[in-house]
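**Student:** In case you want the letters, here they are:
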Amino acid sequence: MTTATIDKAAPTRKVKYGSMSRDRAWALRWSYFFLVIFAIFFLTPPIYMFITSLKSSAEISAATNPWWVFHPTLENYAGLLTSNQFLRFFWNSAIVSIFVVTITMLISVPAAFALSRMRFWGSATLATGVFLTYLIPETLLFIPLFKMFAVIGDWTGIQLINKWYVLLILYPTLTVPFCTWIMIGYFASIPKELDEAAVIDGASWIQTLTRIFIPVAFPGIIAATIFAFTVSWAQFLYPLVFTTSTDQLVMPVGIITSLIKGDVFNWGQIMTGALLGAAPPLIIYAFLMDYYIAGLTAGATKG
Amino acid sequence: MADVALQPNRSAAQTGRKRSSLHNALKRKSTVAFLMTLPLLLLIAALVIYPAFYAVHLATLNKSMQRFIGFNNFEFLFKRETFWLVVKQSCIFAITAVIFKAVLGFIIAHFVHNIPAKGQRKWRGMLLVPWVIPPAMSTLAWLWLFDPSYSAFNYTLSFFGIGPIPWTGDAMWARFSVILVNIWVGAPFFMIMYLAALKSVPEQLYEAAAIDGANWWQRIWYVTLPMMRNIIAITTLFSLIVTFANFDIVRILTAGGPLDQTHIFATWAFRIGIEGSDIPLGASVSLFMVPILAVAAIFILRDISKRGNEA
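Protein chains in written order, with UniProt numbering: chain A, 1 to 303; chain B, 1 to 311.
Any given hint could turn out to be false.
Said to hold, decoys possible - Pairs of lysine-lysine residues, derived as DSSO-like cross-links and limited to a Cα-Cα distance of at most 30 Å, are as follows:
| id | chain 1 | residue 1 | chain 2 | residue 2 |
| --- | --- | --- | --- | --- |
| 1 | B | LYS63 | B | LYS29 |
| 2 | B | LYS199 | B | LYS118 |
| 3 | B | LYS63 | B | LYS79 |
| 4 | B | LYS122 | B | LYS29 |
| 5 | B | LYS63 | A | LYS163 |
| 6 | A | LYS192 | B | LYS88 |
| 7 | A | LYS192 | B | LYS122 |
To be verified - Computed spacing ranges between beta-carbons, pair by pair:
| id | chain 1 | residue 1 | chain 2 | residue 2 | range |
| --- | --- | --- | --- | --- | --- |
| 8 | B | PHE160 | A | ALA27 | 24 to 32 Å |
| 9 | B | SER200 | A | ASN84 | 29 to 37 Å |
| 10 | A | ALA150 | B | ALA45 | 17 to 25 Å |
| 11 | A | SER204 | B | ALA46 | 48 to 56 Å |
| 12 | A | ILE190 | B | GLY70 | 38 to 46 Å |
| 13 | B | VAL103 | A | ALA286 | 26 to 34 Å |
| 14 | A | ASP23 | B | GLN204 | 29 to 37 Å |
| 15 | A | ASP247 | B | GLU203 | 53 to 61 Å |
| 16 | A | ALA63 | B | GLY70 | 24 to 32 Å |
If you're looking for bench data, these hints aren't it; they were derived computationally from the structure.
Don't be surprised by glycine CBs; every beta carbon is placed ideally from N, CA and C.
One chain only, chain A, in its complex shape (with noise of 0.2 Å):
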């Protein structure tokens, strides 16, 4: 950078320019201070869970340095890995968030082909309407969403209340909207002319969509799918009003729930499962990172 500059200088003027690099150099020097400052702020949680997950209770109870491990064990995670229970928090995670990304694009991709591609009566201020329902939180429906499934239980015989499948109804209202959202935002951006070859040639709509857009669009396939994937891992407040036996939980819950024994706290298993349950949207973001960063502005900058 600074050679760069001093290079294009005119040789009568080399002090002008000579201070101006100088200016950058410092705010270059701060830029790097400040970010590591802030770097530091936002790590500290999640490397302070990683070095209290390799402390064993007696370390932890001891109160030496918080921040060092003097003896580090795996013992959290042996006993955590091993236990049914939290395994079966995994596995319920697991189970509904694959049925939920499946159930989101299945509705999503085609509504959203629809919409921005096959204009009908009200499909603009349809596009608009699934918008606003993305803005509608979840703490304004869950006492209502309750309610109707208890009395759709009374009604029908139909148990939904404290059964894991119950939530496979619900995530998909949280991701629906934004995924058809983004996905409105990538198909709109496919050149006309793309589909209109596509029916020249006698490509009916469905053949457009499954041939043409899906392909086309798929950095942005990707990125919804990352998206409803870890909006279904992460939320917390569904599973909590909706599933009690411990066997229904998924993973936040579950933590929350069964390792706060009363007043209890068993800070090196809680850590440790707190950084398992984190480790999946981690993992995604690190290798797909570009795809996430792609999703998350495309929601406010398409449209």
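Following the hints, put chain B in place on chain A, whose structure we already have.
**Tutor:** Chain B only, in chain A's frame:
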């Protein structure tokens, strides 16, 4: 455009071969489009719009949900001191957290934008981690950091002679902690949005400003901020909705305590409606979120349609 190109093609196909009317209907564009959006419509109607109106209905029933009592639930709430406490706390919580998130996100985005392009990816990736971890899990880490007897923060602060701080025990500190965790979770989102917006500001504008002798503050005030106004507005409004309706952080960190002093609408509605099994009263509490959410939503919609017209 597509319709024009396709119309003769399709009518020729239709006249050429005889098909049953059902088959024709299925081939028609509007029918196909309707069938494709039908699952979405059913989902939204049954699980979002219906429950929203059902909440209004529930709010007018008595505790056992057998009798219509009109606005009695609301009157009861207005007379309770805790309710006004919750209103006040929700507003303080949402406004303070959103302002700090927006300012912090803006500052960090600038620093990331300042450094050479090849290092930006690494920093951006690192700084977005709080947003990626499920909030329920990271709040547990904060709860442990704030632990009354083993707090790692108090351990560190004791070296500077700052006495043990009751992070979640004292009302003011508990509010501070809840807001701090919320900022920690939300600031990276602002950072990412602003960074995307900063990249779209043309470099020539800064060069022109530099030639005119603008200092860095003037460059931010007269170039960066006006260019980013749209994205700032939409991100802030969006975050306002999410923060106002927040549940996870308060629930795990303080569960509303000490003495209801950190309850916000969502956690209080949960406490009354689910834990206290007074569903109508809980529904009434959560309905109070609607006005603020509606105002924010209207502004967002206005912004989006404005941008749609520009494009």
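**Student:** What are the numbers of the hints the structure violates, in ascending order?
**Tutor:** 1, 4, 6, 7, 9, 11, 12, 14 and 16
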